[in-house]
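Undergrad: Based on the sequences and whatever the hints tell you, model everything.
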Amino acid sequence: MLGSCLEAVRRCAPLIHCITNYVTVNDVANLLLACGARPIMADDPGEAEEITIGCHGLTVNLGTLSPRTVPSMLACGAAANRLAHPAVLDPVGVGGSTLRRNTARTLLQDVRFSAIRANCSEIKALLHQASPFSGVDALPVDQVQEDNLPQAIDFIKEAARRLGTILAVTGPIDLVSDGTRCCIIRNGRAEMGKVTGTGCQLSALVCAYLSSCPQHPLQAVTAAVCAMGVAGELAWEHMAPGDGNATYRNRILDAVYHLDGDVLERRARYEIQ
Amino acid sequence: MLGSCLEAVRRCAPLIHCITNYVTVNDVANLLLACGARPIMADDPGEAEEITIGCHGLTVNLGTLSPRTVPSMLACGAAANRLAHPAVLDPVGVGGSTLRRNTARTLLQDVRFSAIRANCSEIKALLHQASPFSGVDALPVDQVQEDNLPQAIDFIKEAARRLGTILAVTGPIDLVSDGTRCCIIRNGRAEMGKVTGTGCQLSALVCAYLSSCPQHPLQAVTAAVCAMGVAGELAWEHMAPGDGNATYRNRILDAVYHLDGDVLERRARYEIQ
Amino acid sequence: MLGSCLEAVRRCAPLIHCITNYVTVNDVANLLLACGARPIMADDPGEAEEITIGCHGLTVNLGTLSPRTVPSMLACGAAANRLAHPAVLDPVGVGGSTLRRNTARTLLQDVRFSAIRANCSEIKALLHQASPFSGVDALPVDQVQEDNLPQAIDFIKEAARRLGTILAVTGPIDLVSDGTRCCIIRNGRAEMGKVTGTGCQLSALVCAYLSSCPQHPLQAVTAAVCAMGVAGELAWEHMAPGDGNATYRNRILDAVYHLDGDVLERRARYEIQ
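Protein chains in written order, with this note's numbering: chain W, 1 to 273; chain H, 1 to 273; chain Y, 1 to 273.
No wet-lab data here; the hints were simulated from the structure. Fair warning: there could be bad hints in the mix.
Here are the simulated DSBU-like cross-link-like pairs (lysine-lysine), alpha carbons at most 30 Å apart as the crow flies [what the hints assert, rightly or not]:
id: 1; chain 1: W; residue 1: 194; chain 2: Y; residue 2: 194
id: 2; chain 1: Y; residue 1: 194; chain 2: Y; residue 2: 124
id: 3; chain 1: W; residue 1: 124; chain 2: W; residue 2: 157
id: 4; chain 1: W; residue 1: 194; chain 2: W; residue 2: 157
id: 5; chain 1: H; residue 1: 194; chain 2: Y; residue 2: 194
id: 6; chain 1: H; residue 1: 124; chain 2: H; residue 2: 194
id: 7; chain 1: W; residue 1: 194; chain 2: H; residue 2: 194
id: 8; chain 1: W; residue 1: 194; chain 2: W; residue 2: 124
id: 9; chain 1: H; residue 1: 157; chain 2: H; residue 2: 194
TA: Rendered as structure tokens:
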């Protein structure tokens, strides 16, 4: 099932419109190419909606937010909804500023997102549960780990219901929930947090998978999260002495480039509750 | 001849002003450093013309277009024309939005470009031939291949005459024409399309070559296109099992860094019609 | 002493707010992660000050300057001053345009920078000593070398006094001065100039070190400059035949990732005058 989602992306080669931050945009583009999708970045209100209409999916990322692009996000979100294209939100650092919180609130009011990919702190901020700011990383107390797993599952299911979307919450353990079911994923490596943009990349990957497997959105999101985690593991196995986070960044993209359905099936470690 | 163009770039170390998209800008900067040129990026109307005046060449790239930078493109284009500096246009995804089409039209009216580097779909869009949008890549039906080569050569020659510039059209086969002659180039690899920004990089390389070999513009553009293709081939020869598009990206830049005139002469595969 | 600064960064994991150019921003983020700090990029006046307040240090970089972000730079600089957080200025290409010169002048009037990291041409431009524009690199005549070292030391000390800050001037020989003392650093390699953004990265590294070692700012800046130079040397030792500036870029980040206090102490080559 997960493997067939991966292969559907390679077969469909969906064109993914990304309104995304300028920090990690190049890696997002190469990630989409690596998985078999095709990226296009455009954020200006003068063209963004037109671009969305020509694409198969939309990713909206709140990093390096500027008020100039908020109208683009809204117009593109509406267009994606109208066309029944998947729309994915990555609320980067949403707890960090009023601008990001307000933008997220407006987006959640006006756009139906197929999925939101975030860390646990960001989900809490989306739900207006005050959370002390810690940059773009999750607060330790907000990370999903074995010892708080049952509570985390309940929290994520409830959050998915309240937000009316599929949530993909990444951390030491990743959780994907549509409000009813919850997939618990134990792939990936902690060192991925030392590479900027692995979260942004995953959000775009989620969009590519949703575009190519629209009938099974929960599985599509789960497959994307597993694929990124497996790529992180395979990439780590290719690391040589002296390799650091820059080489790891490249190795992760390389692993996504070579990943096939069989390997994804064999290495994905997930259960459903 | 091609080799002496490459060496002229290393000797002149031209300063190239890039008004370019934020997706691939870092690779464009490293590509210019790799070939022996020097990059400077600046896009604000408050400084762009002043920067162009201090440089030896200008590259204008329409990816991630914003109306804020269009006046910069026009002012810098005019300044480059006034100073007889080469100006290169890369109409990224010009078929994808009215904003890009209108910007391209205005630029073509007001600026004399020394060269335009694009794929075949983008050239068609520049000529107002409608073509269904396919992101920033060429439509398969628009690619220059062996079986449509004679028609493609005629089309590109005619397009170069109509646009009044040298066209460098990249795809499975690359064509460079000044409207009279057409160079047919069979370097490069299909896998370069899996690395974001190889086209943007080539456009900047074309500008560096034109800046350093102003007496022979057709040869300069041909040399740049061959150099990028040869770099793509050399880079591929350095790929190890498990290497994917991220490593290939680095290997292409590394190959440009080491490429010398002799290797370029020996490996360039082109003919003139 | 230098080694303990490096270790303090790994222990404190300071959150560094970067208002920086879009050319090298991804490398700056990965550099901060590599050294043990955490990056956040935000440049919009609607959120920048709020972000600074939640961080431990601020880096302001004038590359790809836009008037939109100048109010952010001023507000964040004021906030950092109020909170006694280190603020670092990187006046990229400040000699190249009136906009950059005026922005630098305004910033120097309104913000107390803990350190300015620049090349010698940029320092001269900051002091309003006209210098012919040469892009973002130093003019050869402005580089600190063995044969002009005594004059350069006097110049940098005087410049640090006039600018009221610690100056880190990088080139063939690096100088760090607080106006009284001057550290002369002979680490690094010329090839680092072929990788875009090593200067931007160093400016962010300086900020991370200052955040983590606030009691000894001159040593902190010196440690950061030595660390970047040592990383450039270690990275070069890992280069294989065919590796070029793209691989070198990755290797430098990898070396920062693995650098520890002992190696920094052993390999730092500096003297104080």
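Undergrad: Going straight from one Cα to the other, do residue 157 (chain H) and residue 194 (chain H) come out at no more than 30 Å?
TA: Roughly 28 Å between the alpha carbons, so the hint for residue 157 (chain H) and residue 194 (chain H) holds.
Undergrad: Compare the distance between the alpha carbons of residue 194 (chain H) and residue 194 (chain Y) with 30 Å, and conclude whether the hinted pair is satisfied.
TA: With a Cα-Cα distance of about 25 Å, the restraint between residue 194 (chain H) and residue 194 (chain Y) holds, given a limit of 30 Å.
Undergrad: Within a Cα-Cα threshold of 30 Å, do residue 124 (chain W) and residue 157 (chain W) meet the stated pairing?
TA: Holds. Residue 124 (chain W) to residue 157 (chain W) sits at ~13 Å (cutoff 30 Å).
Undergrad: Sort out whether residue 194 (chain Y) lies within 30 Å of residue 194 (chain W), counting only the CA atoms.
TA: Roughly 25 Å between the alpha carbons, so the hint for residue 194 (chain W) and residue 194 (chain Y) holds.
Undergrad: Holds or violated: are the alpha carbons of residue 194 (chain W) and residue 194 (chain H) at most 30 Å from each other?
TA: 25 Å, holds
Undergrad: Is residue 194 (chain Y) within 30 Å of residue 124 (chain Y), Cα to Cα?
TA: 23 Å, holds
Undergrad: Is residue 194 (chain W) close enough to residue 157 (chain W), meaning Cα to Cα at most 30 Å?
TA: 28 Å, holds
Undergrad: Sort out whether residue 124 (chain W) lies within 30 Å of residue 194 (chain W), counting only the CA atoms.
TA: 23 Å, holds
Undergrad: Is the straight-line distance between the alpha-carbon of residue 124 (chain H) and that of residue 194 (chain H) 30 Å or less?
TA: 23 Å, holds
Going through the hint list in order, the structure satisfies each hint without exception.
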